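> What follows is the residue order along each chain.
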Amino acid sequence: MVSKKKNFLTFQNTIFNLQKYWSGIGCVILQPYDLEVGAGTFHPATTLRSLGPKPWKAAYVQPSRRPTDGRYAQNPNRLQHYYQFQTIIKPSPDNIKKLFLNSLSVVGIEHNKHDIRFIEDDWESPTLGAAGLGWEVWCDGMEITQFTYFQQMAGIQCNPISVEITYGLERICMFTQQKKNVFDLIWNDEGTTYKDIFYKSEKEFSKYNFELANTESLLTKFEIFEREAKNLTIHKLALPAYDQCLKASHVFNILDARGAISIAQRSGYISKIRDIVRGVGELWLQDEY
Amino acid sequence: MSEFFLELFSEEIPPNLQISARENLISNFTSFFEQKKINYHKNYSALSTPNRLIIYFESIQNEVIENSKEIKGPNVNVSDEALKSYLSSNKITKDKIFKKKIDKGEFYFYRVPKKKFKTKSLLEENIPDLLTKIRWQKSMKWGTYDLYWGRPLKSIMAIFDRSTLKFNYHHLISSNKTFIDKNFEEKTKVFRDFKSYKRFFYNQKIIINHNDRKKYIENKLVKITKLRRYKIFIKDKLLNDVTNILDRPNIITCSFDKRFLNMPKELIISTVEFHQKFFLVYDRNSQLINTFYVVSDCPDTNGLIKKGNENVVDARLTDAEYFWKKNKSKNMIKQVSLLDNINYFKGLGSYLDKVQRLKKIGGLLSDEFLISKEKVELACTLSKVDLLSELVNEFPELQGILGGYFAEAQGFDKEISESIKDQYLPSGPGSVIPRNNYSIALSISDKIDTLVGFFGLNIIPTSSKDPYGLRRLAIGLIKIIIHNKKNIKLKDLINFSSQVYSAQSINFNNKIVIDKITSFILERFKYFMKEKEIRQDIIETSLIDFKLDNLLIIYIKAQKLNKIINKEIGIDLIKNYKRSFNILNTEINKIDNENFSNVDPALFKSNYEKDLYKKLHDIRKDFNNIKIENDYDTQLSLLSTAKKEITNFFDNVIVNDGDEDIKKNRLLLLKLVCKTFDNYLSFAKLETTK
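Protein sequences appear in the order of chains Y and W.
With the numbering used here applied, the first sequence closes on residue 292, and no number is skipped along the way.
With the numbering used here applied, the second sequence closes on residue 674, and no number is skipped along the way.
In case anyone wonders, no lab produced these hints; they're calculated from the structure.
This one's a predicted model, so the numbers in the text were calculated from it and none came from an experiment.
A virtual CB, placed ideally from N, CA and C, is assigned to each residue, including glycine.
Check each hint, because a few of them may be wrong.
Claimed, not checked - Over 10 Å on every C-beta distance to chain Y, these chain W residues come out as not near it, computed from the model:
| # | residue |
| --- | --- |
| 1 | 14 |
| 2 | 62 |
| 3 | 101 |
| 4 | 167 |
| 5 | 174 |
| 6 | 229 |
| 7 | 270 |
| 8 | 286 |
| 9 | 581 |
| 10 | 646 |
As the list claims (entries may be wrong) - Quick list of the computed label-pair ranges, beta carbon to beta carbon:
| # | chain 1 | residue 1 | chain 2 | residue 2 | range |
| --- | --- | --- | --- | --- | --- |
| 11 | W | 203 | Y | 210 | 52 to 58 Å |
| 12 | W | 159 | Y | 29 | 44 to 50 Å |
| 13 | W | 317 | Y | 198 | 35 to 41 Å |
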């Protein structure tokens, strides 16, 4: 689906092509999770589905929020809201590297014309109690993808092992469209730019995240979400309890952006979320065997 | 003799894991051959690329012969039952055993016949085990398999004497072929010997030997730099990393916009070398320039790779520049109060509390160092402001350094900006140690405040865990004191820091804090002296009267003693001390409570006693001489002057006299000998050199 007018892929075509490609591999094509999350990994289709013995293949776009990365739309490379394309396959297939490299071709990166490297990046999410081994994939020095074999999720050893491939869509399009500024990305064939769509929201959310978010009420919210999650866990409702973890996690991220949490306190908050996620994971597993 | 080589093909294994796997493989295989008594030629090696772990032995014995031997069994008088179980446990029948008399009596024996083993079969049998014995610092599982490896292992090629070694390893079966396209794993090729294997890859410009690859990259980098009359300072760690993340090196010269050179050079180094693993270039005056080298894993046929890499560096530097410009001019003084919003540690207040404490400790040190109190206090106050900056959030490895640059940009005195830059030094083994008094004052204040705070909260490192890096802090303190010859009264400083905490209503049990920090620093100090190659018994003995306030003196004395310990003077000193000490030890009860000053000259019977007494008296007097007080070389040679008197005493006087009073007096004289030596430092744990 290369645009006829230009010799590069628009942002939305990049998404379409990836969806089509992974659909061809047999993945369920899902839609984004409808809560604020920091990364595609937080989607229950990855976190919870990577637990237990049942095979699973899915791919989806996930809008991701990282309040600390906001730059008031003044920086050409940083956004507090951006898109990840996420593929999760359990068990990880033997030919996954080939599948991945072929997927780069559908977004316009011919692997034999570029310097593609697999650079060690052992991934860990203390909040999710998750860890995996893998790489960040570099294309001519730019990180375009995270490639991870999950070893642990929600504090539970994974068996079989899932592989997660996370594409940074903006990075990839900046590369294929040869743009130095993320706001110059072309979204569709009509020429709508990333700036047209997101400039205002980047500005406003940066202001909110860094300056105006009410830390006191956020701290209270954190406690409310934590309590709610615990209560739902007692009632054996894994998915609703997990939603509360996601909300708590996002609140934590904003507090972090506000500088309201010291390095020393961080671990306390993180372990609170991790504890609930672990409970949710154990609940989830009960129905998987 | 035959050639043996093994290739383990996997997805990309990280540099550190490659290095340790290579070492493990070599030692597993060589010790296996030695254990099986299989001879091998000294030309062998373990090599790697990100995808291939290779072990190669140029020539190995084809078979090993185990000579026939007699094995001793139980005594002939053993019960039938015991004999039966002996036979069955050794899998032999009764007709194979025979009786034989030896010194200890008559025993059953049996003969193991001469045996031949084929190296090939031994390898096939044992390679799986040798592979399992690799100790990965980090390993993983994948798919549905049970195997743990650095990254997914895809194929095993094993060749001995041009043919395949056949074995199973988990779900994999060994063969004589390997994947030759590392990314798609679709094309395979059969190999029969190492030479053709190496040549095949060499023809594709792939260097499978990591040592050759490293040299190749280094030589190329140096060569093209020289051509341009520039300089390059290749960090070994970076070169190793780069060598181990590719197999087909190609150097591309790139550049970034000159305007970035106006930023602190640490930002550029961090971005280009640390994050991107590229090499920076310097001009003839060793000033950073805007050229850098990318080592790519393939040729750049149409310039796309160069362009792509330049764009990445440009983007990263733009990001750094954005923050640098934004942060550097933000008034530091005005930001200090904002430090109150960042908690330092639960129970230890905010960073504002912390800098207020540092100000007090720094102030005290400035009096001691005779430097401007005002400047030290200002440096302390500003020291943590950079934590508020986005730049430090982006480059956490540069905290402190960036604060120093901010201070410099805002026109603070050089002493202030430099000391902010240096506050976290020394940062690890081989790190620079602060030299000037302002830097020392801030660095020590910060370390003491942290140590006292964490120990006050009873957060103390365990043998395996030290999440707040307190060991590094303690070693840092020791290094600063020793390298700068600062006789700092640590105990006083800790007490003072504790008081400063308590002025902020943060109260600790002072005695416990002092005791715990003392033993914590003592352990680090031991380790430090060991690293300085001071003999173990000197370390032990020098710490008998350990006082936190005396680190420097203890160290100097131990070091001076270490220098002479194997020379005649040292050997004599220990010998003379030990002779006295050993006798005292056996008679300890008699004089334990007696003060050596009770030696009664009236009880001396011989001149030897009188001479020794007089000599010791003279030495003791000299020790108190103000000129000798800090001259430890002289002290040691002073002690050695007693050699003649001590030797004469032992050669001619019997301590164990029939008269109890005389005996006791002589023991006291020996005690005086020991106490005199102990004036330098306790000699009690020194060992006589063999």
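> Report holds if the minimum CB distance from residue 101 of chain W to chain Y is greater than 10 Å, and violated otherwise.
36 Å, holds
> Is the Cβ of residue 646 of chain W farther than 10 Å from every Cβ of chain Y?
Holds, since 68 Å exceeds 10 Å.
> In this structure, is the beta-carbon distance linking residue 317 of chain W and residue 198 of chain Y contained in 35 to 41 Å?
Between residue 317 of chain W and residue 198 of chain Y, where Cβ atoms are some 38 Å apart, the hint holds.
> In terms of Cβ atoms, is chain Y entirely out of 10 Å range of residue 62 of chain W?
52 Å, holds
> Taking 10 Å as the cut and beta carbons as the points, is residue 270 of chain W off the interface with chain Y?
26 Å, holds
> At 10 Å, judged by beta carbons, does residue 167 of chain W keep clear of chain Y as stated?
Non-interface label on residue 167 of chain W violated, nearest chain Y Cβ at 6 Å vs cutoff 10 Å.
> Evaluate the given range 52 to 58 Å for the C-beta pair formed by residue 203 of chain W and residue 210 of chain Y.
53 Å, holds
> Hey, does residue 229 of chain W actually stay past 10 Å from chain Y on C-beta?
Violated, since 6 Å does not exceed 10 Å.
> Would you assess whether residue 286 of chain W, listed as outside the interface, keeps its beta-carbon beyond 10 Å of every beta-carbon in chain Y?
The assertion about residue 286 of chain W is violated, with a minimum of 7 Å to chain Y.
> Would the least Cβ to Cβ distance between residue 581 of chain W and chain Y come out above 10 Å?
55 Å, holds
> Once the closest CB in chain Y is found, is it more than 10 Å from residue 14 of chain W?
28 Å, holds
> Take a quick look at residue 174 of chain W and tell me if its Cβ sits farther than 10 Å from every Cβ on chain Y, holds or violated.
For residue 174 of chain W, whose nearest Cβ neighbour in chain Y is about 21 Å away, the distance exceeds 10 Å, so it holds.
Checked against the numbered hints above, the structure breaks hints 4, 6, 8, 12 and satisfies the rest.
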